[in-house]
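J.: Respectively, the protein sequence lines represent chains V and U. Start counting the first sequence at 1; every next residue gets the next number (the UniProt record's numbering). Start counting the second sequence at 1; every next residue gets the next number (the UniProt record's numbering).
Rather than coming from a laboratory, the hints here were simulated on the basis of the structure. Hints are not guaranteed to be accurate.
Stated by the list, open to error - Below, computed lysine-lysine pairings styled on DSSO-like, alpha-carbon distance capped at 27 Å:
1) V:K122 x U:K78
2) V:K66 x V:K39
3) V:K127 x V:K7
4) U:K21 x V:K75
5) U:K475 x V:K127
6) U:K37 x V:K7
7) V:K7 x U:K45
Claimed, not checked - Chain U residues, not near chain V, derived (Cβ > 12 Å throughout):
8) K21
9) E296
10) E303
Unchecked claim - Residues on chain V that point at chain U, a partial pick, calculated with CB under 7 Å:
11) K86
12) T119
13) K122
14) L128
15) F131
Yeah, the Cβ is synthetic: ideal placement off N, Cα and C, and Gly gets one too.
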Amino acid sequence: MQKISPKNIAEAVYEATEGKSTAEQELILKRTVHILQDKRLLGKSKYILEALQNIIDKKTNTVRLKVITAKILSKEDQAKIENETKIKYKGDKVISEFFVKGELLGGVRVEVGDEVLDTTYKNKLQKLEKFLIQSK
Amino acid sequence: MSNHIVENLRKEIEAFKIETKGELVGKVVEVFDGIAKCSGLSDVKSGEMVTFAGGETGVVLNLEEDTVGIIILSDFSKIKEGDEVKATDRILEVPVGEAQIGRVLNALGAPIDGKGDVKTSSAQPIEKVASGVVTRQGVDQPVATGIKAIDALIPIGRGQRELIIGDRQTGKTAIAIDTILNQKGQNMICVYVSIGQKDSKLRKLQTRLEEGGAMDYTIIVSAGSSEPAALSYIAPYTGVSIAEYFMDQGKDVLIIYDDLSKHAVAYREISLLLRRPPGREAYPGDVFYLHSRLLERACRKNEKYGGGSITTLPIIETQAGDISAYIPTNVISITDGQIFLETDLFYKGVRPAVNVGFSVSRVGSSAQIKAMKKVAGTLKLDLAQFRELEAFAQFGSDLDDATKAQLERGKRAVEVLKQPQYSPVVIERQVVTLYALTRGYMDDVPLNKIKEFESGLIEYAERNAKTFLSEVIEKKMWSDVGEEELKKAIADFKTNFLTL
């Protein structure tokens, strides 16, 4: 028998709940949890939820954005990044999270899915270090 | 002084430019036995190089629905779950260049001989599609191995793939080393790829090549037995990429894979760890393609495409002489012939222990020089008949004169083809010896004096049959005058030899 992947389960859950009332959705989700328990797949619930999130994002054309900076960004800058992302990924909605990490020294690191745009000073210094070692 | 250092550093920093672009990043989900399973990396290609957070390199081999399987090419003990993995958008490549000649490199092309950095200007991908039909031409130039049994009976041509197959301790590597040693002054670059061999064996081999002056035209690529299987897997591809660099410059290259059995075992290990389905002898389904795509890169290019060549001598180790096992049959079918070495012959003192009956060269005869063809033409048949008669002669005592003569000739042929290790013989000397043998001049020389006769004859011929030897060297064939001169020299020498 073919192995059931978290993606398969997430797709099944999405199809079963799509267009249903809240009460029906609740019932379906309860049944899903029971099935997962029976099939000993509860341990995979983290990956199932991730896969479900991806499916919903794809259907609703939502882009999830993660921005990490050394200092807190101003509201204008945050809006600017969100807007640019919306245009680049042709999304209807952008859900963004902003984090501050002092060790980056400066610049911005933008993550959308598995694509990363890293303009932080830390990354640049690491690249310079590698370049100087190689040229030596 | 310090100003100078600062100035240099400033210049280098000024030359450094950062290109800011989006990168494909994934996360390590699982690490075990040199394999990493990673999530993300959605657009990564098979065979693409990836770098881990600590600077380790890996190659993507498995593309699955949610994860990618990566083989790690360095120490994997520092890679942890959750670490970042970056795609590089480059297929794995190794540095190539003239500076690599005389050096010992690891599977990634980095020097391991302690002689400092290797300055190379270019890099080549390790996986490349073999040269097409349009660029190729037939094998028509010989590779002189210096081993009489091979040059006479199983000739190898430039661009050929000739398998060396045999059990352990039958002299497979010895043939390869002798061939490298004999390439001095033959306008050939040699690449020796050591796969899963002991470091002590590699060191011994390197010393032997250095002593013979062969490191001036040889590159050694090594993936030792203590290194990860991933390196054993890529080492032959690294070797052939280096060989292709020289071939593209119109040079002739000889590459030796020692050995492909261990290469197949390393690939089996990786495949099983990546959970690919096992097939016969637990090898994965694509083990034939593993070797066919490697050996197909051996070729002889035509003049329009530079005229270079890659001659390949893959080595396969059999278990108890079983040449019908999976890997031996695969490689036999891919190559253009095989040199079969036998344990029984080895312990009988026939060294190199080449079994002439099982050995074959499918394309080499067209590359053999005319003089050698003429003297060795009937030798293979004579030897085959001798083996058959020898078996029968054990049962009967009364043999007719013709059979007796054939047996005596056969015994002398076996004796002549024996050759100690590290003592390759140049082609014109081989021609003299085989001329004397096949024309019956050795028939009445006592069997235990054949070696003495042979060495004495060569010395004598070099003084008294100069025309014959120079014709063989320059025109690759003798004239009637040269032949008469040699006949006289052999007859004179024999008279002196037998009366002493």
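J.: With reference to the structure, classify each hint as holding or not holding.
T.: Results of checking the hints against the structure:
no., hint, verdict
1, V:K122 x U:K78, "holds (21 Å)"
2, V:K66 x V:K39, "violated (34 Å)"
3, V:K127 x V:K7, "violated (37 Å)"
4, U:K21 x V:K75, "holds (25 Å)"
5, U:K475 x V:K127, "violated (60 Å)"
6, U:K37 x V:K7, "holds (17 Å)"
7, V:K7 x U:K45, "holds (22 Å)"
8, K21, "violated (8 Å)"
9, E296, "holds (34 Å)"
10, E303, "holds (39 Å)"
11, K86, "violated (16 Å)"
12, T119, "holds (5 Å)"
13, K122, "violated (12 Å)"
14, L128, "holds (6 Å)"
15, F131, "holds (5 Å)"
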